[in-house]
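J.: One-letter residues, chain by chain:
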Amino acid sequence: MNPLQTLRVAIRALLRNKMRSFLTTLGIIIGVSAVIAMVAIGEGAKAQVEAQFASMGSNLLIVLPGSTTSGGMRGGFGSMPTLTWDDLRAIRTEVPTVKYAAAQLSSVAQLASEDQNWSTRVYGTTPEYFSIRDWPTAVGSPMSDSDAEGGTKVVFLGQTVVDNLFGANANPVGQVVRVKNVPFEVKGVLAEKGQSSWGQDYDDVAFIPLKAFQTKIQGGLQQFISGQIYVGAISEPATARAQKQVTALLRDRHHIGPGQDDDFSIRNLTELANAQEASLNTITNLLAAVAAVALLVGGIGIMNIMLVSVTERTREIGVRMAVGAKPRNILAQFLVEALTLATAGGFLGIVLGLTGGRVLAARLHWPMLMRADIIVISVVFSALVGVIFGLYPARKASLLDPIEALRFE
Amino acid sequence: MSTTPPLLALEEVTKVYHMGDVDVHALRGVSLEIMEGESVAIMGASGSGKSTLMNIIGCLDRPTTGRYLLAGEEVSMLDRNELAEKRNRTLGFVFQNFNLLSRTSAIENVELPLLYAGAHTRERHERARVALTRVGLGDRIHHHPNQMSGGQQQRVAIARALVANPKVILADEPTGNLDSVTGVEVMAIFQQLRDSGITVVLVTHEPDIARYAARVVVMKDGKVQSDKRQEPLRAEAAPSDAAVGGEA
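Just so you know, the protein sequences line up as chains A and B, in that order.
Anchor point for the first sequence: position 368 equals 1436 in this note's numbering, and the numbering is continuous, going up by one each time.
Anchor point for the second sequence: position 63 equals 178 in this note's numbering, and the numbering is continuous, going up by one each time.
Calculated from the structure, these hints are not laboratory results.
Ideal placement from N, C-alpha and C gives every residue a C-beta, glycine not left out.
It cannot be assumed that every hint is accurate.
Said to hold, decoys possible - Derived CB-CB ranges, DEER-like:
#, chain 1, residue 1, chain 2, residue 2, range
1, B, Asn292, A, Val1455, 37 to 45 Å
2, B, Thr248, A, Arg1076, 48 to 56 Å
3, B, Thr248, A, Arg1475, 25 to 33 Å
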């Protein structure tokens, strides 16, 4: 008997009991679809986190000024300005792993166009900042070095601010926006960045060149940076090194002895992203493990039904043996039956997992990411489940004594 | 001068079953020769050893001691795979309760031995159709067992037994589940098969059925009690069996 004939005999036997075959397969269908949907959801969440951190900026370090302590009350980071403009210059020029460094001063201000006004966060910074945050200009022109140093009164708006001041689809370039009653000319509109994972709208911002911010918004030049320093490392693996080097540089400049606390802090967003990704990986693996248990239970279901089937069809086995079936023909037939059930379940599970995942994603606004390798692994795994759990019943069938099998009532 | 060797030859065959601590002697030294083209009825009360003898002749079981030569070949020492091959190529079985696969058409049932012989689909189909026509069921090849009468089901079983061109057909109480008229019709088919040269061995406890055989072997207590030849009664074919064996 060739494999194709065996397969045909097995399929015919399964179709003789359609309902039972379907119910047996259901365990595998649920298991495989669960694995696929769970992994897709986990991968989708991971991709979303990656995208969010990418939108914050790549290879990003944020240097925050230190905390104050007055009368036992300790303020949070940034409550005391400890970073100077010289520190910024030193980070930019003296640390080899640093590609860009830019100050980010900020203030909440009321912005007004001809007929609308809107309160938003206004930042003062230099052109490098937009390189660090991978933030191109969508309309108009980007901030130039002469804007930053010359104190030009120009403003760059996020899309949300444009929508609120000028209405959707408007092109505000060249128009005047009053920031704290000081008129600024709109020079550019920034590309949309969307929301952060905690719901903050990245596009609800306005940027003003540093010098103009200091003189017009903040009210005078200061020795200390009353904001943060954004640092872009030369590459992702260099980010951790850059963090160490900037820390060493600042400790040296601020004359902090060994054992003393830093008067600044550095946030490494790559590290944060990796940590979050790792935790998501753990959750994905956990979900997949639970789903794999479902698959295993499905396999046990197949074994159970195959055992029942062998008992029920004892006489059929006897007849087949009497007309010349060898033990290995019987073994192959029942093994192929189990394998067919499991593999069919695997394929149906993929279909259900993909469609179910898509529906779930659309309903709950969860991101989904289908992974081709998981689909292949699920099919292979379910086939393996079929072979492993089919082997025992099939062997039992092949070892039957034809005389007793024929006599079986 | 050459003598034809017997098709089946049992020499001092014994069979002992171990039932817990007790040894059951089902056969206590049976010697029997059956020539090609004979029709033999094996009779005996239950417990006489006739079923055990049948199982050994049918290569479903092996003798404990003694020799069994099937078509000149010693088969008493063969393993399960080799015995399966003998059953497939040389023997055909007919059972009391037909033993057809349910929810399976007549032709698929008849094809079964050819499936294990490794025949191709088209050849299987053609030979099964011919076998079914030979037993008068050429017009019912796609019927399922539950759509057929007992006599028809037994004829499907006979077609299955003869589809692989066996040398011997073994029938275990083939008329046991049939009424007497249908039983005679089935016996007519066996007689026609014998006429075409197939050796027929049937086990029965009904003397009425044994009369259609040319030789009657009576078993008692695991031994052959008597072995007589007789002029067989001719069985009347059923009117619908005009096609069988090409007879009118």
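J.: Each of the hints needs a verdict: does it hold here or not?
T.: Here is how each hint holds up against the structure:
At roughly 40 Å, the beta carbons of Asn292/B and Val1455/A sit within the given window of 37 to 45 Å. For the hinted restraint 48 to 56 Å between Thr248/B and Arg1076/A, the CB-CB distance of approximately 24 Å leaves it violated. Under the hint 25 to 33 Å, the C-beta atoms of Thr248/B and Arg1475/A, about 32 Å apart, fit the expected range.
The structure is inconsistent with hint 2 alone, although it conforms to all the rest.
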